[in-house]
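Assemble the whole structure, with the sequences as input and the hints as a guide.
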Amino acid sequence: MPQRHRMTAVEHVHAPVEAAPAVPGITDDALEYALRTSAIVPFFQPIVDVQSGVLRGFEVLARWCASDGRLLLPDAFIPVAVNAGLIANLTLHLVEQACRAAREWPGDFYLAFNMPPTMLQESATVDHIIATLKATGFPLRRIRVEMTEVEVVEDERAAELGIAHLRELGIKTMLDDFGTGYSSLVRLHRFQFDKIKIDGSFIRALEQDEASRKIVSAIVGLGKSLGAKVVAESVETRFQLEFLASIGCDTYQGWWLAPAMDAATAAGWLARFEPRQAAPSSTHLSPYQRQYQLEILYERSPVGLAFIDPDLRFAAANAKFCNMIHVPRYEVIGQKVTDVLPVEIGGRALELILRGFCDDQGDLSEVVMPHTAETFLLNHERVSDAGGVVLGVSVVCIDVTDTKRYEAALRAREQEDVYAAPGTPTVFWVAEESGELSYMTPHPLELAALSVRERIDSWYARMDAPDRERVRCEWVGRDPAATTFQTRFRLEWPDGSRRWVLSRGDLKETGHARRWYGFFTDITREVELEERLGSAVV
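Numbering (this note's numbering), first residue to last: 32 to 569.
Please note: incorrect hints may appear among the correct ones.
[As the list claims (entries may be wrong)] Estimated spans, in silico, between C-beta atoms of each pair:
#: 1; residue 1: His402; residue 2: Leu560; range: 38 to 48 angstroms
#: 2; residue 1: Asp416; residue 2: Thr518; range: 47 to 57 angstroms
#: 3; residue 1: Asp416; residue 2: Arg545; range: 42 to 52 angstroms
#: 4; residue 1: Asp99; residue 2: Pro341; range: 51 to 61 angstroms
#: 5; residue 1: Arg188; residue 2: Thr369; range: 31 to 41 angstroms
#: 6; residue 1: Arg269; residue 2: Ala295; range: 21 to 31 angstroms
#: 7; residue 1: Glu397; residue 2: Asp510; range: 35 to 45 angstroms
#: 8; residue 1: Arg360; residue 2: Asp139; range: 51 to 61 angstroms
#: 9; residue 1: Val85; residue 2: Asp510; range: 50 to 60 angstroms
#: 10; residue 1: Phe270; residue 2: Ala295; range: 44 to 54 angstroms
Just so you know, the hints here were simulated from the structure itself, not pulled from any lab data. Just so it is clear, the structure is predicted and the values come from calculations on it, not from any experiment. Beta carbons: idealized from backbone N, C-alpha and C, even for Gly.
In structure tokens, the structure reads:
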């Protein structure tokens, strides 16, 4: 990620002090003299790709180098230029100076110039702009023209023709300060800008203002929907840059990267510049694309999906979810959770959802529908924006009714098999090729309601501690090429007595999988006999 700019000692010594915008005493004659003597010079602020860190261009900004060493900002003299009818002269002067300065710089970057709509409305002025650009030798395809959104366009048809003429020559156009005027969408549609620049006031407020984050996200989404690149100005913090990267903004400029610099300083900066990649965006979809993608996901998903807003109302729910709770969608959307779900589970569901608002780590919970005995696994995840503001809770609901019924039938069948031979001391087990136990038959003396996992854990817990660690080491450390495993150990039998057990397994291939199939059985009598024989020999 590009590092924040820090002015070096040399830069600081030679950089003029920037003055406040309000500078009294600037006259038409003074401005005209400044233009004749080239006291108004171009400054260059880099524009970089948010994702790749590659330099894309420079915005050219006017600075007036006053005789007393101060550096006057545009707000101090642009209004004077407009009122005096000198804005076209000033703009053309800036274009010529900037293009000649940057002509020999390495790279394929563009130069972006602010131009008032009045210049684009007059065909003669547009021709003058083109002639000035051609005279500098700077490629026309690397020129960008910015039109400020708040400026009045007196003759929109003439401006439209002027922009079209520039576009024919490869010059792209940009709508500047987007979001601060009243005719944004009309201008976007009519003039077909290639780029949109987000006003810096929204960028500066990103960390503190939720509304600004929403506006910036919407502008980026609008740009993607229209096929226009989006530029963010006034980027000053890492948070701002990472937020822009996360929403797919294209390029940015600002003090986090570098300030506006005179030609010599900018050339030096360019020579030292190294692209640094920001955090990649999670999506490059436009809102238009995202909307239809989400609709497809919601409607065709094999699981129930819903979204609960901070008021605990259903903001969204797919057909699968509504079918699960047996409530039509028109009675779900916009309604309170407790008003939609059956009373028997409404409180439980509300508890889980409230937990989701408090904890961003979702978990699985089992919910059984009353009357139908349908069983669902419910997962909830908190959804927050980049500033940490909670937007709601996303709910995923999976129907596990058939699975539960199958498990119940399997347990019943196991009990039938076990009690058909009630005296058997043998327990059968299955393990994956990796060694993880995945199944174990019940013993007649065990509780029938135990799940397979609980059954495995119960036997493991009843092993004598020294034997448990020894057997674990033998099992984990077995020869990878071995297809047979055998060991014995002591444990507490389900009736409470202490027993010796032999466990044996064979690695077999069934279908497309290889698994261990084994058993363990009571060998207490054999061990006692061995011990008596050993004593007799001694």
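The hint says 47 to 57 angstroms between Asp416 and Thr518; measuring C-beta to C-beta, is that right?
About 56 angstroms separates the Cβ atoms of Asp416 and Thr518, which means 47 to 57 angstroms holds.
So does His402 sit 38 to 48 angstroms from Leu560, Cβ to Cβ?
violated, 59 angstroms
Quick check: does the Cβ-Cβ distance between Glu397 and Asp510 fall within 35 to 45 angstroms?
The hint (35 to 45 angstroms, Cβ to Cβ) holds, given that Glu397 and Asp510 are roughly 41 angstroms apart.
Range hint 21 to 31 angstroms: satisfied by the CB atoms of Arg269 and Ala295?
holds, 29 angstroms
Given the range 51 to 61 angstroms, decide if the beta-carbon distance of Arg360 to Asp139 lies inside it.
holds, 53 angstroms
Honestly, do Asp416 and Arg545 meet the 42 to 52 angstroms range at C-beta?
For Arg545 against Asp416, whose Cβ atoms are near 48 angstroms apart, the range 42 to 52 angstroms holds.
Cβ separation of Asp99 and Pro341, checked against the hinted range 51 to 61 angstroms:
holds, 57 angstroms
Taking the CB of Phe270 and the CB of Ala295, does the distance hold inside 44 to 54 angstroms?
About 32 angstroms separates the Cβ atoms of Phe270 and Ala295, which means 44 to 54 angstroms is violated.
Taking the beta carbons of Val85 and Asp510, is their distance inside 50 to 60 angstroms?
holds, 54 angstroms
Given the hint of 31 to 41 angstroms, is the C-beta distance from Arg188 to Thr369 inside that range or not?
This hint is violated: roughly 59 angstroms between Cβ atoms.
When each numbered hint is compared with the structure, violations occur for hints 1, 5, 10.
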